[in-house]
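Number of protein chains: 2
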Amino acid sequence: MAGMNQSAVRRVNTSVILRALAVSAGPTTLTSLSERTTLSRRTIELILDSLLTAGWVAELDRVPARGCAGRPARRYELRAEHALLAAVQITTENVSAVVADVRGRIVGRAHRPLRSYPDPQSSLDDAATLVREALEDAGGSPERLRAGALASGGAIDDDGVVRRLVHTTRWEGVDLPAELARRIRVPWFADNDTNLGALGERWRGVAGDHDNVVWAMLGNRAGLGILIRGAVHRGLDGAAGEIIEAVPMRTDSVENRPVAWLTSPEPDRRAVALERVEAARAGEASALAEVDEFVAHIATILTTLSWTVAPSLIVLGGGLEDAADVLLPRVREALRAARTPAVELRSTALGRDAALVGAVKLALDRMDTELFGPLVPSL
Amino acid sequence: MAGMNQSAVRRVNTSVILRALAVSAGPTTLTSLSERTTLSRRTIELILDSLLTAGWVAELDRVPARGCAGRPARRYELRAEHALLAAVQITTENVSAVVADVRGRIVGRAHRPLRSYPDPQSSLDDAATLVREALEDAGGSPERLRAGALASGGAIDDDGVVRRLVHTTRWEGVDLPAELARRIRVPWFADNDTNLGALGERWRGVAGDHDNVVWAMLGNRAGLGILIRGAVHRGLDGAAGEIIEAVPMRTDSVENRPVAWLTSPEPDRRAVALERVEAARAGEASALAEVDEFVAHIATILTTLSWTVAPSLIVLGGGLEDAADVLLPRVREALRAARTPAVELRSTALGRDAALVGAVKLALDRMDTELFGPLVPSL
DNA sequence: TGGATTTCGCGGGAAAGCAGCGTTATCGCT
DNA sequence: AGCGATAACGCTGCTTTCCCGCGAAATCCA
Chain R
1 MAGMNQSAVR
11 RVNTSVILRA
21 LAVSAGPTTL
31 TSLSERTTLS
41 RRTIELILDS
51 LLTAGWVAEL
61 DRVPARGCAG
71 RPARRYELRA
81 EHALLAAVQI
91 TTENVSAVVA
101 DVRGRIVGRA
111 HRPLRSYPDP
121 QSSLDDAATL
131 VREALEDAGG
141 SPERLRAGAL
151 ASGGAIDDDG
161 VVRRLVHTTR
171 WEGVDLPAEL
181 ARRIRVPWFA
191 DNDTNLGALG
201 ERWRGVAGDH
211 DNVVWAMLGN
221 RAGLGILIRG
231 AVHRGLDGAA
241 GEIIEAVPMR
251 TDSVENRPVA
261 WLTSPEPDRR
271 AVALERVEAA
281 RAGEASALAE
291 VDEFVAHIAT
301 ILTTLSWTVA
311 PSLIVLGGGL
321 EDAADVLLPR
331 VREALRAART
341 PAVELRSTAL
351 GRDAALVGAV
361 KLALDRMDTE
371 LFGPLVPSL
Chain B
380 MAGMNQSAVR
390 RVNTSVILRA
400 LAVSAGPTTL
410 TSLSERTTLS
420 RRTIELILDS
430 LLTAGWVAEL
440 DRVPARGCAG
450 RPARRYELRA
460 EHALLAAVQI
470 TTENVSAVVA
480 DVRGRIVGRA
490 HRPLRSYPDP
500 QSSLDDAATL
510 VREALEDAGG
520 SPERLRAGAL
530 ASGGAIDDDG
540 VVRRLVHTTR
550 WEGVDLPAEL
560 ARRIRVPWFA
570 DNDTNLGALG
580 ERWRGVAGDH
590 DNVVWAMLGN
600 RAGLGILIRG
610 AVHRGLDGAA
620 GEIIEAVPMR
630 TDSVENRPVA
640 WLTSPEPDRR
650 AVALERVEAA
660 RAGEASALAE
670 VDEFVAHIAT
680 ILTTLSWTVA
690 PSLIVLGGGL
700 EDAADVLLPR
710 VREALRAART
720 PAVELRSTAL
730 GRDAALVGAV
740 KLALDRMDTE
750 LFGPLVPSL
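Protein sequence lines correspond, in order, to chains R and B.
Note that the working numbering numbers the first sequence so that position 136 is 136, with each residue one more than the last.
Note that the working numbering numbers the second sequence so that position 115 is 494, with each residue one more than the last.
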C-alpha cells in the first residue's frame, strides 16, 4: 500500500518510452512518441536525454521525410545491443543457450548434449558453460550481460525453486536462480519450460493478441504453460499446468502409443512417431485409429481446460507442431463436438525455441523491473 | 501505453489513502497513514483536506492517547455511509438484494421468490424492485447509491453479458449491466455468482491472504469461482469455472444422488440431502457409501484443478458448508492420497451471502476506478 | 521565391510531493 | 505544581516533474 511520488512517475514514463521504442520497428520521432504515450514533447525530450547519456538510445541523422513537408524530425532508436540477456533450457537430453538483445533478436547460440541429467550441479555447470559459449558466439563482452533466465521441466515456484519433477527427486529444492547466479554473476530467474513457451509465443509467436493463453505439450511428455492476463500463472508451488504429475502413467495408456512420442526428447522415438503420422496421412487404418485415439486424449484435456481456465487461444507445441496438419483439424472438430467455448487452436510459431524465447522475455521483464522499479504501486 | 502525469499521482495517492482508511478498524492519525503509505505528512494533510470537503472523510474529536506522551493527534475516519453500493443475486428460485456501505457493512436487505426465472425482463424488474426495497430498509436516500452489481448463474463475459446458461437460452445475450442501469440509474456491473463468491470470501471471508483461490460449489448444481492474482478470472466468454457445462448430466451420475442436492436451491431437496448427511454422521452404511462416492467425485474435480489452476486455497460453498464436518476431512484425505500440491481446503465463512458480498466488492472496486481512474498505466 | 507545414528549442508556469523547523499539547516524574 | 520528554501540528520553502505555448528553423510544393 505504497503511495507514489514524482520520481516514480519518471520511472514509469522512462519505462513506457523504452517500451514504445522497443515495439516500433524503425527509428522514431519525438512527435510519434508523444502521440503514442500521451506525454508532452518536452517530457519526452528530457527523458530521451537521460536515455541517450545512459546509452539506451541513439540519435540518428536527420533525414527529410520524403513526401511530406515540414522540418525534418530528430530520429531516435533503441540501442538494442546495449544490454544482452541470456536464456538457457535444460531438458533430460540437452542443454541449449541463447543470448539475445533487448529487442529479442537472438545474437548468439550454443547447444550440446547434457552430461548427466539427474545431477543438478553438473547440469548447471554445463548450463553456465553454454551461456559463456553463446555469449562468445554473439561476440558480446560479458559485462553487457544484464540478466538471465532458465527454462526447465517440472514444477518451479515463484522464487525459481524446483518443487517437483517426474521420475527424480534429485532436483527438488534446488534454487535455480541462486545456483546460476553463483556461476554467472547477473540476476537470474527460472520458470517452467511450458510456461515460458506460452510467454514466448505471446511475445514473438502466434499468441500476440491473446491475454489468456495455454501452451500445450501433450503426449509422452505433458505439460501446460498458462498465461492469465498476459502473465505466467505458476500457481501453488508452480504446480499449475503440471498435469503429468496428476496421473501416474500406465504402460497401456494413450501416452505410451508411438504417436504420443511426438513430444519425446529422444530423436529415435520422435522418428517413430513421425512415421505413424505419415502413415495416417497416407490413410493407413491402424495409424488413423491411433491418431484418433490420441486426438480424443488431447481433446479431453483441452475440453476440461476450456471450462476451467477458458483460454482464448491454445497453442500446440513441444513436438506436436510437426503433425499440425493431422492434429489441428481433428482436435478442433472434437472441441466443437464437445460444445466448448470458441477457443482458437494454433500450432506453435517458435517450435523448439519457444521456451528459450520466453526465457529471454522473462529476463527482459525482470531487468526492466530492476532498473525502473515496479510500474504498479503494490496495494 | 499511456504515460503518467502529476494528476495521475494524486489520483493514485487519493485512492491509496482511502483504502488505508477503509482497512483500518478505528480512527486513524496522520502519522499512521504516513507510515503505512510512505507518503509525507504534508501530502496526506492536503489529500485529506479534499476528501473532507468531498465528504468521504470525517475528522473526529482529538482525544489524548492514553499511556503515551505527546500532543494528541488529529483523528480521521472514513465516512463509510457517504456512498452506498447495491448488490443483487438472481437464482432460479429467488432474488435477493443488499445495500452496503463502502466498508462492506450490509445496511439494508430485501428478499423474495422470483416470479418467473426463465423471463429475463420480469426477473430484472424484480431485481430492481428489490434494490429499492433494500435501499429503503437501509434508510438511505437513493442519491447516495453510487454503483451496483449483479450476481447471476451462467457464463457472463467481461462486459456483463450472459453468454451461456444451463437449461435455458432465454438469458443468452442479455446485457445485464445495461438492463439494470435502465431501471436504476447508476453504473452497474455483473458477474457469475461463484466468481463473486470467491471475491467475497477474499474480502470478508476465509480467503484473506490467498491470491489464487477457487470457490467451489459441487453437486447438483456446480460451478467454480476463480481468483488469479486476487482478481476474478472469467476466461473466454466467461466460461472459466462453468464446469457444469462441460458434461451433460446423466440421471445415474453422482450429481443426482440425494447427497448432491446439498447445492440445490430448492429447500425440499436440501432437506433430503441434509438427512443423508445426518445418516452418514450416525454411521449408516448406505449413507456413508453415498458420501464416499460424492467425496470421490469432488476430489476428482479438485485434483484436476490442483494441476491446472493450482490455487493455494479451495473454499467449499453453495450449500456444501452445511456438511463441512463430514466432507472436509474426507476430501482432504482424498487430495492427499492423490499427491496433489498442499492446497488448503476450507468451508465458506459467508455462506449464502458469499456472492452478494462479492458483488458489493465488485461494485466498490469499479466505483473506485470510476472516481480515481485506473491505478495502473495500461501498457 | 514564398506560403504551408512540421518540428525544434526553450522559457514560463503549474501541480505535486518532500524536508525541516519552530510550536503546541500531553504524559510522567519529581 | 513544575519541568523535561515526547509526539504531533502547521507552516514555509524547495525540488522534481510535467505541461503549455510561441517564435525559429527546416523542408516541401506550387
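Treat the hints with care, as some may be off.
To be verified - A short list of chain B residues far from chain R (calculated; beta carbon distances all over 12 Å):
1. Gly-405
2. Arg-488
3. Arg-525
4. Arg-543
5. Glu-624
6. Val-633
7. Arg-648
8. Arg-709
9. Ala-717
10. Glu-723
11. Arg-731
Stated by the list, open to error - To spell it out: a stretch of chain R is covered by chain B in this simulated footprint if at least three of its residues, at any positions, have a beta carbon under 8 Å from a beta carbon of chain B; those stretches are:
12. 3-16
13. 98-108
14. 169-182
15. 235-244
16. 282-296
17. 355-369
It is worth saying that the hints were derived from the structure and are not from the lab.
Note that beta-carbon positions come from the ideal geometry of N, C-alpha and C, so glycine has one too.
Check on B/Arg-731 being off the interface with chain R, judged by Cβ distance over 12 Å: holds, 24 Å
Is the listed coverage of the region 355-369 of chain R by chain B valid when you require three or more residues with a beta carbon under 8 Å from a beta carbon of that chain? violated (count 0)
Please verify that the nearest CB of chain R lies beyond 12 Å from B/Arg-543's CB. violated, 8 Å
Closer than 8 Å, Cβ to Cβ, for at least three residues: run that test on the region 98-108 of chain R against chain B and report holds or violated. Since three or more residues must qualify, the claim that chain B covers the region 98-108 of chain R is violated, with 0 doing so at under 8 Å.
Minimum Cβ separation between B/Arg-648 and chain R greater than 12 Å? It holds; B/Arg-648 is separated from chain R by about 24 Å at its closest Cβ, greater than 12 Å.
Please check whether the region 3-16 of chain R has three or more residues whose CB lies within less than 8 Å of a CB on chain B. holds (count 9)
Checking a non-interface call: every C-beta of chain R should be farther than 12 Å from the C-beta of B/Val-633. Is that right? holds, 17 Å
Outcome, coverage of the region 235-244 of chain R by chain B - at least 3 residues whose beta-carbon is closer than 8 Å to one in that chain: Satisfied; 9 residues make the cut.
Non-interface claim for B/Glu-624: all C-beta distances to chain R beyond 12 Å? Since the minimum Cβ distance to chain R is about 6 Å, B/Glu-624 lies within 12 Å and the statement is violated.
Under a C-beta cut-off of less than 8 Å, do 3 or more residues of the region 169-182 of chain R approach chain B closely enough to confirm the stated coverage? violated (count 0)
Check on B/Arg-488 being off the interface with chain R, judged by Cβ distance over 12 Å: holds, 30 Å
If we take the beta carbon of B/Gly-405, is the closest beta carbon in chain R still more than 12 Å away? holds, 17 Å
Hints 4, 5, 9, 10, 13, 14, 16, 17, counting from the list given before, are not met by this structure.
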